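**Q** Sequence:
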Amino acid sequence: MGSERQSELKYRIEFMRALFVIVFLIALLGGAGYAAYETWIGISDVEISTHGKIALAIGVTVTFALGAGLMFLVFYSSRKGYDDEELDLPPSSPTSKDQNN
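First residue of the sequence shown? That's 54 in our numbering, and the numbers climb one at a time after it.
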């Protein structure tokens with residue numbers, strides 16, 4: 054019974070950590086959205102033409118797509134093991150395996 058309670062306690066702690074991270078990230082996103090809104094309203098006296106708004110929307114979309122694509126490549130590369138190759142370092146290197154033992 055003790056191990057079941059311990060296992061349930063570990064599960065609850067992990068759940069609370071995950072919940073905290075999710076709530077924190079949502080709050081961070083909300084804060085960023087609020088800051089963007091206030092900035093947008095704060096520069097309301099600056100006129101942006103329709104072409105400028107289209108260019109802004111395209112720039113935001115392309116930037117987001119580039120970031121998402123790069124993150125995908127990082128996770129894909131890690132999952133496929135491309136990042137696990139060992140480096141052939143010279144023996145005089147302070148990070149070689151012989152000196153770490």
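You may find that some hints are simply not true.
[To be verified] Just the calculated beta-carbon pair ranges, DEER-fashion: (1) Arg65 x Pro143: 17 to 25 Å; (2) Ser60 x Phe128: 23 to 31 Å; (3) Tyr87 x Met124: 21 to 29 Å.
What the hints contain is simulated information worked out from the structure, not anything from laboratory work.
Quantities reported herein were computed from a predicted structural model and do not represent experimental measurements.
Ideal Cβ positions, reconstructed from N, Cα and C, are used throughout, including at glycine.
**Q** Does each hint hold? Answer for all of them.
**A** Taking the hints in turn, this is what the structure says about them:
Taken as a hint, the range 17 to 25 Å is violated for the pair Arg65 and Pro143, whose Cβ atoms sit roughly 50 Å apart. Hint check: Ser60 to Phe128, Cβ distance near 29 Å, so the stated range 23 to 31 Å holds. Evaluation of the 21 to 29 Å hint for Tyr87 and Met124 yields a pass: the beta carbon distance comes to about 25 Å.
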